[in-house]
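Sequences listed follow chains Y and F, in order.
Per our numbering, the first sequence starts with residue 324, numbered consecutively.
Per our numbering, the second sequence starts with residue 5, numbered consecutively.
Simulated from the structure, these hints should not be mistaken for laboratory data.
Do not rely on the hints blindly, as some may be mistaken.
In silico DSS-like links for lysine-lysine, alpha-carbon gap of 27 Å or less [claimed, not checked]:
1. Lys-341/Y / Lys-125/F
2. Lys-287/F / Lys-242/F
3. Lys-231/F / Lys-333/Y
4. Lys-333/Y / Lys-242/F
5. Lys-333/Y / Lys-228/F
6. Lys-423/Y / Lys-125/F
7. Lys-423/Y / Lys-166/F
Now for the letters of each chain:
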Amino acid sequence: MFTMGEDMMKQWAQNWEKLMGDHLEKLVHDEKFISGMSKSIAATMTGKAFYSKALDEQMAAMNLPSRTEIIKILQKLTDIEERMIDLSERFEDYVDAQQKKPAAQTAPKTAPVAEKPIPAAPAKEAKAKKQKK
Amino acid sequence: MKEKQETQEMPEAYREMLSRSMLKRYTEADRRRLGMEPTPKTQVYRQGCWTLYRCGTDFKSDYNPVLIIPSLINRNYILDLLPGHSLIEQMKLAGLDVFLIDWGDPDAGMGNYGFDHYVSKWVKRAIRQIKKITGKDQIQLAGQCIGGMMATMYAAHPELKKDLSSLFLLTAPLNLSDSGLLAQWTATEGFDVEKLTAAFQGLVPARFFHASFPLLDPKSQLAKYRKLLENFEMPGFKEIWEALDIWGSDNVDFTKQAYTELISTFYQDNAFYKGEYQVAGCKISAKDIDIPVLSLVARDDHVFNEKAAFAIHECKAAKKGLLDYHVIPAGHVSLIAAHPVRIHTFTLVREFLTRPENSITGAKKK
Numbered sequence: 324m325f326t327m328g329e330d331m332m333k334q335w336a337q338n339w340e341k342l343m344g345d346h347l348e349k350l351v352h353d354e355k356f357i358s359g360m361s362k363s364i365a366a367t368m369t370g371k372a373f374y375s376k377a378l379d380e381q382m383a384a385m386n387l388p389s390r391t392e393i394i395k396i397l398q399k400l401t402d403i404e405e406r407m408i409d410l411s412e413r414f415e416d417y418v419d420a421q422q423k424k425p426a427a428q429t430a431p432k433t434a435p436v437a438e439k440p441i442p443a444a445p446a447k448e449a450k451a452k453k454q455k456k
Numbered sequence: 005m006k007e008k009q010e011t012q013e014m015p016e017a018y019r020e021m022l023s024r025s026m027l028k029r030y031t032e033a034d035r036r037r038l039g040m041e042p043t044p045k046t047q048v049y050r051q052g053c054w055t056l057y058r059c060g061t062d063f064k065s066d067y068n069p070v071l072i073i074p075s076l077i078n079r080n081y082i083l084d085l086l087p088g089h090s091l092i093e094q095m096k097l098a099g100l101d102v103f104l105i106d107w108g109d110p111d112a113g114m115g116n117y118g119f120d121h122y123v124s125k126w127v128k129r130a131i132r133q134i135k136k137i138t139g140k141d142q143i144q145l146a147g148q149c150i151g152g153m154m155a156t157m158y159a160a161h162p163e164l165k166k167d168l169s170s171l172f173l174l175t176a177p178l179n180l181s182d183s184g185l186l187a188q189w190t191a192t193e194g195f196d197v198e199k200l201t202a203a204f205q206g207l208v209p210a211r212f213f214h215a216s217f218p219l220l221d222p223k224s225q226l227a228k229y230r231k232l233l234e235n236f237e238m239p240g241f242k243e244i245w246e247a248l249d250i251w252g253s254d255n256v257d258f259t260k261q262a263y264t265e266l267i268s269t270f271y272q273d274n275a276f277y278k279g280e281y282q283v284a285g286c287k288i289s290a291k292d293i294d295i296p297v298l299s300l301v302a303r304d305d306h307v308f309n310e311k312a313a314f315a316i317h318e319c320k321a322a323k324k325g326l327l328d329y330h331v332i333p334a335g336h337v338s339l340i341a342a343h344p345v346r347i348h349t350f351t352l353v354r355e356f357l358t359r360p361e362n363s364i365t366g367a368k369k370k
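Next up, chain Y with everything else stripped away, as it sits in the complex (with noise of 0.2 Å):
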């Protein structure tokens, strides 16, 4: 499939890989190499927030928002909207339980109210009837 020379490119490439590979090996797991790294990125970090700090406050001298404050607002939007499904999932729940209560303990609060006028009909009628006379 390869041709001769790109058999001695393949073999070339195969060292250089593992060269790179014990080299790179090493390196990560060099605690100075880390240590150094880790400073370097804090430090760019560190520098990147100042220099955002700054910007925030040239737009607050703008009178315009800045990036941090809609984040702001952003989260306490995030906040409501939690709080507002939080609600929601009690209050279903709330329906839930009243559903499943049996109906044993909800037929003698009801039943009388419905079955009242039922005997109070015919005495309005025998009053009627009375009054007729």
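Here the structure of chain Y is known, so what remains is to put chain F in place on it, guided by the hints.
Below, chain F without anything else, positioned relative to chain Y:
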């Protein structure tokens, strides 16, 4: 003549793949061409950035439904990568009703939400929806990588655990001290997470977090394109290689709080393992887990070593003989994606999730 033409075409196709991979120039068409995410999914709940999906089209099941919590670091489709390379497909074939969380892309407004919120609010909410949809009182919780850590937190909580009948952990780290190169880096002098994230508001960008990942296994990174060339003509190799490359380059931003907790609370202080981390106002410890557990660990995992997952042996379930623990000779991802080791993984998962409810599998190690 035809053979000669094919050999000439091969390097050209290789060069195209190489270019797409190095420039991360993948599109939706590439995903469709490869047939990624073969299992159909229906959205059943959505809140903010995250979505709960029900997988497949046939939902009849004799078993408790399964909820999969994927990792926060990458997308969830590693669990449903390609036909034949999909854990979810296997679960469906076993007759399980599978639900999957998609964490989506968090926005800066969610920056204050850490693991406590993810577990005690969002996972709980997902489980609540599943219970409503299926009418089942308990579910089987599965978690992959950091999702496995979240699933463990849920199963360790005295109130939340009542929702669960079993726990399945896939390469889930529990004890993060001395858990590999990431632990070594975070323990290094000068690794100050406050300073590192000082410039980020709300979110820690994926490119920042993932810049360090290739360095976890530099030799594999260097061998990646050579392996592709060497196995270019092996049936199915190109497809799985490209699908994994697409997934590997599809990274997700972290909420700042979750990132800070991961590095500072979990890696540097090892608070979860020590039982000092609080979920829903309650200190939790993985040692309190007392439901049946399946823990699958990758022997050659470059993200978390086996020691990180071995801590599950300290839980009550292990003492009762309810722990099924297997170390599989594979990597963090090849455990579920590579041939032929994935077949072994799929078998173990199917057997565990479809076991008779009260059967005790017994602690064992392969």
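Taking the hints in turn, this is what the structure says about them:
1. Lys-341/Y / Lys-125/F: Given pair Lys-341/Y, Lys-125/F is violated - Cα atoms ~48 Å apart, limit 27 Å.
2. Lys-287/F / Lys-242/F: violated, 47 Å
3. Lys-231/F / Lys-333/Y: holds, 12 Å
4. Lys-333/Y / Lys-242/F: Within the cut-off at roughly 19 Å; holds.
5. Lys-333/Y / Lys-228/F: holds, 14 Å
6. Lys-423/Y / Lys-125/F: Holds: Lys-423/Y and Lys-125/F sit about 25 Å apart, inside 27 Å.
7. Lys-423/Y / Lys-166/F: holds, 20 Å
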